[in-house]
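Going down the list, the sequences are from chains A and B.
Residues in the first sequence are numbered from 1 upward in steps of one, following the numbering used here.
Residues in the second sequence are numbered from 1001 upward in steps of one, following the numbering used here.
Hints are supplied without guarantee of correctness; some may be wrong.
Said to hold, decoys possible - Which residues of chain A face chain B? A few of them, derived with a C-beta cut under 10 Å, are: (1) L67; (2) S88; (3) M93; (4) I95; (5) A165.
What the hints assert, rightly or not - To be clear about the criterion: a stretch of chain B counts as covered by chain A if any three or more of its residues have a C-beta under 8 Å from a C-beta of chain A, and this derived list gives those stretches: (6) 1008-1014; (7) 1018-1024; (8) 1092-1104.
Calculated directly from the structure, the hints in this document are not laboratory data.
Ideal placement from N, C-alpha and C gives every residue a C-beta, glycine not left out.
Each chain, letter by letter, is given below.
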Amino acid sequence: MTSDASAGFSRIHRTELTLEVENLSVRYGEVLAVDSVSFTARPGEVTAVLGPNGAGKTSTIEVCEGLRRRSSGHVRVLGLDPHRDRRSLANRMGIMLQEGGVYPSARPIDVVRQYCGLYSSGSGKAANPDELIELVGLSERRRTAWRRLSGGEKQRLSLALALAARPAIVFLDEPTSGVDVNGRTMIRSVIRNLADEGCTVILATHELDEAEKVCDRVVIFDTGKVLVNGTLDDVRKARQAVRLRTAKPLDLDAMPENLAGWLVEEAPGNYTIEDAPQGLIGALAVWLSERGIDVIELRAGMSSLEDVFKDLTGGRS
Amino acid sequence: MSRVPGPLRSQLRAELTVVLRNGEQLLLTLIIPVLLLVFFSTVDVLPTGDVREPIDFLTPGVLALAVMSSAMVSLGIATGFERGYNVLKRLGATPLGRPRWLAAKITTVIVVQMIQLVVLVPVALVLGWEAGSARWLLAVGAVITGTIAFGGVGLFIAGRLRAEINLAAQNGLYLVLLLLGGMVIPFDELPEPLAAVAKCLPSGALADVLRDALVGGADRPGTSWIVLGAWAVVAPALTALTFRWE
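Turn these sequences into a full structure, and let the hints guide you.
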């Protein structure tokens, strides 16, 4: 292993696992919200926890944050138990709740000052309140009561609070929900910079395109289970397929078997072809054009997360 | 400020900012008590009995009302919103911890009560209250006991109800106890069953022991101390058992 000059202020080796979740289950009465889930995260990387609402993302994240008790399994955050060691972890961890967290009449600058103060006795040095406000682009709204901020501005404030500790690990739960385009770009760049400085970033979201733009690693949840877990590229490559969209639905029964046999109908007019042999795409194109059927889209290469997700969950998102 | 304050001071400053910047809470903790004091001592509509000057009856009662408003209503409403808006949950992931959170809450109530005293006592003196015979140490003891009792009741309600319902409940309770409590209306003026209930409430008990400490001639200070003490034990204990953080 070479010396790691880029590990940044967190002083954690990039090869080290800063989050380890092993066979985690969370049960609410009769309901098993998280079912024996395992994944890991590393410093300097953005790990996206993806899945539809109710898939168990927030329950999992809240166990990692020490806010919720696990029913069974094993969780380590920076090598510590998030529930038992929550006081020592609190100084090195930043969190962003899915909703709220701020008193409705409080002003952004006061809340950011409060949070910087809450972290000022820790081993690390808390962030500077004015710099944080500027970083998330709330300088103009610093004295506006929280309840009068827009949804996006509330999310930005919440992000600023997550950074007050200058954390080694941050958990962001749906940070871009209700945020406009400019806000999204800003939040994405903050997230990317954090990871580049060596922070471990856990990003829970159901917005796949947003995650795809910023994450290094993905963990896909559905109904309490992890379906896929790996680097973004690996996950997308594993689902490589040719996608074909035609102007009108094809009658597969009327097509020659050596063509129709490769087509999987996702919906009328929408087809995928996996592991296409040489020449197939060309033959298909010729056959379609001879019969006057227009091709609207013919796309090969890596799948988008959206495609991967639809494949895995059967279209729900 | 040159250095960043530590966790406790940061939290205390945040709590005080919320309370002191909130107009409705100031209405309840300061303006209504002052208005009641001025109105009922200058307009003779309140049946305070022949032997007592209205201001002598009113001063301890309004001080009891002030304690109720800061320790129960103000604390309860703020805490209810903090629960409802996930503030407590968010603080749970910081190094603050529950002991320092509670310390900041209690200190905030004490600061508000100091402001209440600094405003209400001079107003009462101007209106003719004679403080010569007041036993202040006993009065401070009564305020502390009352604060624990009312704080327990306020947090008990805040720890169970939704933020908006809690807001209505705390304000409603304030009004009911104001009317029933022996604070501005003497027990003698209430119909018998109602008076019996009123005497068992922390509001009536606190007004009675404060009346004993500040002017003398209370109804039954011994029993009232027992009632108030019981509330100060039971309400916080019940809160500790039932409080939901989120």
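Against the structure, the hints:
| no. | hint | result |
| --- | --- | --- |
| 1 | L67 | holds, 6 Å |
| 2 | S88 | holds, 9 Å |
| 3 | M93 | holds, 7 Å |
| 4 | I95 | holds, 5 Å |
| 5 | A165 | holds, 8 Å |
| 6 | 1008-1014 | holds (count 5) |
| 7 | 1018-1024 | holds (count 3) |
| 8 | 1092-1104 | holds (count 6) |
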